[in-house]
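Asker: In our numbering, the protein residues as written are 1 to 256.
Calculated from the structure, these hints are not laboratory results. If you're wondering where the values come from, they're calculated on a predicted model, not measured in any experiment. One or more hints might be untrue.
Have a look at the derived ranges for each label pair, beta carbon to beta carbon [as the list claims (entries may be wrong)]:
{"no.": "1", "residue 1": "S176", "residue 2": "T126", "range": "22 to 28 Å"}
{"no.": "2", "residue 1": "P212", "residue 2": "P21", "range": "23 to 29 Å"}
{"no.": "3", "residue 1": "A76", "residue 2": "P6", "range": "26 to 32 Å"}
{"no.": "4", "residue 1": "K99", "residue 2": "A76", "range": "42 to 48 Å"}
{"no.": "5", "residue 1": "Y208", "residue 2": "D23", "range": "31 to 37 Å"}
Here are the simulated DSSO-like cross-link-like pairs (lysine-lysine), alpha carbons at most 27 Å apart as the crow flies [stated by the list, open to error]:
{"no.": "6", "residue 1": "K138", "residue 2": "K246"}
{"no.": "7", "residue 1": "K230", "residue 2": "K94"}
{"no.": "8", "residue 1": "K94", "residue 2": "K37"}
{"no.": "9", "residue 1": "K160", "residue 2": "K188"}
We put the beta carbon where it would ideally sit given N, CA and C, even for glycine.
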Amino acid sequence: MKFNFPKWVIFHVPHDSTHIPYDIRNQFILSTESLQKEFVKMTDFWTLALYSNGIPVEQTVVSPISRLVVDVERFADDSLESMSGIGMGVIYQKTHDLKTLRRELSAAERSRLLREYYYPHHYTLTRKVKDALSRYGKALIIDLHSFSSEQLPYEGPLLKDRPEVCIGTDPYHTSSEISEAFYQSFNKTFDTGLNAPFSGALVPQAFYLSDPRVSSVMIETRRDLYEDEKDAELLENFAITSKALKSYLSAAVSSI
């Protein structure tokens, strides 16, 4: 079944890739084997396929590089990013279990990573939101993620509850109507949490806390619903699970 979404809906997929450019690999101190294990822990494998395969490319923004290179979901300024306090700001220094991930970077190296990977990603997302606003007068960003069925060390002590689906919202950019629509839709079949264990929803800086026409909602899907968490291989029920998730997503969008 094909699901069509209004043109003002933009799918954001920031953590689906494992690509580390060849000339950046030397920044990481992990062996190839250890790096692969870190990918399994930290990559939101299959989120693009799970929800937005078949969606027109003009409605998707997908990061082409691993979050281990640059996390496009973080604030570029570490002073604004709470996760920078544990070495997991926009440029990770730590692994999922808070061990050293990469060597110390120079200011020039950090600047290059942001210039080549972070800012172009946000430029693309900002441009697509602007296009939606100019054509339709509104935009809805659906921020797609996945999470481990077991709490990871970097997540902190308050994230032990692991529902099957987590809906994340922003106080300014997620209306109560949107929040309720998404929660009620997914909760019909899936055990669904609201801002638990994860909260928030990405909005480009150009619109953040300033343009109420831009809405955003995050969907976090527990990985054991569709993949073997030991190696990120798909389970046999992937197609069925994907169809169900897409149908509830479509219903939520249609109701707002």
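Asker: If a hint holds in the structure, say so; if it does not, say that too.
Answerer: Going down the list of hints, with the structure as the test:
1. At about 26 Å, the beta-carbon gap between S176 and T126 stays in the expected band of 22 to 28 Å.
2. In this structure the hint that P212 and P21 lie 23 to 29 Å apart at CB is violated, the actual value being about 38 Å.
3. Checked against the hint of 26 to 32 Å, the C-beta distance between A76 and P6 comes to roughly 30 Å, which is consistent with it.
4. In this structure, K99 and A76 break the distance hint of 42 to 48 Å, their C-beta atoms being roughly 24 Å apart.
5. Checked against the given bound of 31 to 37 Å, the beta carbons of Y208 and D23, roughly 32 Å apart, stay inside it.
6. The suggested pairing of K138 with K246 holds, with an alpha-carbon distance near 22 Å, which does not exceed 27 Å.
7. At most 27 Å may separate the alpha-carbon atoms for a hinted pair to count; K230 and K94 meet this at roughly 21 Å.
8. Among the hinted pairs, K94 with K37 is consistent with the structure: their alpha-carbon atoms are about 14 Å apart, no more than 27 Å.
9. Between K160 and K188, the direct Cα distance comes to roughly 22 Å. Compliance with the 27 Å bound is thereby established for this hinted pair.
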